[in-house]
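J.: From first to last, the protein sequence lines are chains A and B.
So for the first sequence, this note's numbering puts the first residue at 1; every next one is plus one.
So for the second sequence, this note's numbering puts the first residue at 1; every next one is plus one.
Rather than coming from a laboratory, the hints here were simulated on the basis of the structure.
Heads up, a few of these hints could be off.
Footprint (simulated), chain B over chain A, 3 or more residues, beta carbon under 8 Å [to be verified]:
#1 8 to 18
#2 25 to 39
#3 42 to 55
#4 61 to 72
#5 100 to 112
#6 125 to 131
Chain B is nowhere near these chain A residues, computed Cβ spacing over 12 Å in every case [to be verified]:
#7 Ala21
#8 Ala76
#9 Thr97
#10 Ser117
#11 Glu120
#12 Ala134
#13 Pro150
Ideal Cβ placement from N, Cα and C applies to all residues, glycine included.
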Amino acid sequence: MIELDATDRAILRALSHDATASSGALARELGLSQPAAWRRMKRLSEGGAIRGRRVVLDAEKAGFGVTVFMGIKLGAKGRHGMEDFERAVMAIPEVQTVEHVLGAYDYRLRIVARDISDFERVLRRRIMTLPGAASVDANVLLTEERRPGPL
Amino acid sequence: MLASAAGTTAAVCSRRLARLRDAGVLRGQQALIDWRALGWEVEVSLRVTLDKTRSNAFDEFIAAARDVPEVLEIQTFLGQVDARLSVIARDMAHYQQVYRDRILTLPHIADIEALMHVAKLKSDETLPL
Numbered sequence: 001m002i003e004l005d006a007t008d009r010a011i012l013r014a015l016s017h018d019a020t021a022s023s024g025a026l027a028r029e030l031g032l033s034q035p036a037a038w039r040r041m042k043r044l045s046e047g048g049a050i051r052g053r054r055v056v057l058d059a060e061k062a063g064f065g066v067t068v069f070m071g072i073k074l075g076a077k078g079r080h081g082m083e084d085f086e087r088a089v090m091a092i093p094e095v096q097t098v099e100h101v102l103g104a105y106d107y108r109l110r111i112v113a114r115d116i117s118d119f120e121r122v123l124r125r126r127i128m129t130l131p132g133a134a135s136v137d138a139n140v141l142l143t144e145e146r147r148p149g150p151l
Numbered sequence: 001m002l003a004s005a006a007g008t009t010a011a012v013c014s015r016r017l018a019r020l021r022d023a024g025v026l027r028g029q030q031a032l033i034d035w036r037a038l039g040w041e042v043e044v045s046l047r048v049t050l051d052k053t054r055s056n057a058f059d060e061f062i063a064a065a066r067d068v069p070e071v072l073e074i075q076t077f078l079g080q081v082d083a084r085l086s087v088i089a090r091d092m093a094h095y096q097q098v099y100r101d102r103i104l105t106l107p108h109i110a111d112i113e114a115l116m117h118v119a120k121l122k123s124d125e126t127l128p129l
């Protein structure tokens, strides 16, 4: 586990807002020297505090107006075929995220589509045909916000 | 690198990128924090049904959820579920404390259901372009 002080937290907060911020810009913002900011950024990324970058795309402007979250429960037989299910679901291009969860569902999917009729196509051709899926539940995303988290 | 992937030249590619940025399709880059590496071991999805007889239930619920630092995502839906919070905690004891003290006290909750994250199998969030 990586120990963080207040300055590390401020750097992570800034980078989770804009990953392209330079060490010089962060140094000015936080009142550090540029080499000090650079050393801290290097320690945070090499220590694994940052697992990557996300390019933020406006899905709607790119022509994907519909995002749906689906909960999927596997059938009793499906439990032996978890790997088949996982392989098949991860290969669907419209499926953006796959999470294995415990609770009322076994998997949680985030799916993008151009519009509702495109979503229906994905649902019928790709989701309903997944091996082992017994019940599905869908919720259409209206708004979404990402918070900085406990930094 | 992008130019060769798209089968074009670097100059064309940088013009295209600028155009996508100006059009607001490309909105920037964010660093993804590895909360596990920072000692936040537990992640839970809370699916919330709100008491919709209250006219501003959504707004008040969302505003209060923003004040909980452990909340990473707030989403609202059309469907069985009204809202979803993604919540992290250091361990199960800490989760129980956050859940009791900060989540159950949020306004206008009619029902709440928890999904505990076991593994993220895919999380690239690319678009099927």
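J.: I'd like to know which numbered hints this structure contradicts. Please list them from smallest to largest.
T.: 2, 6, 7, 9 and 13
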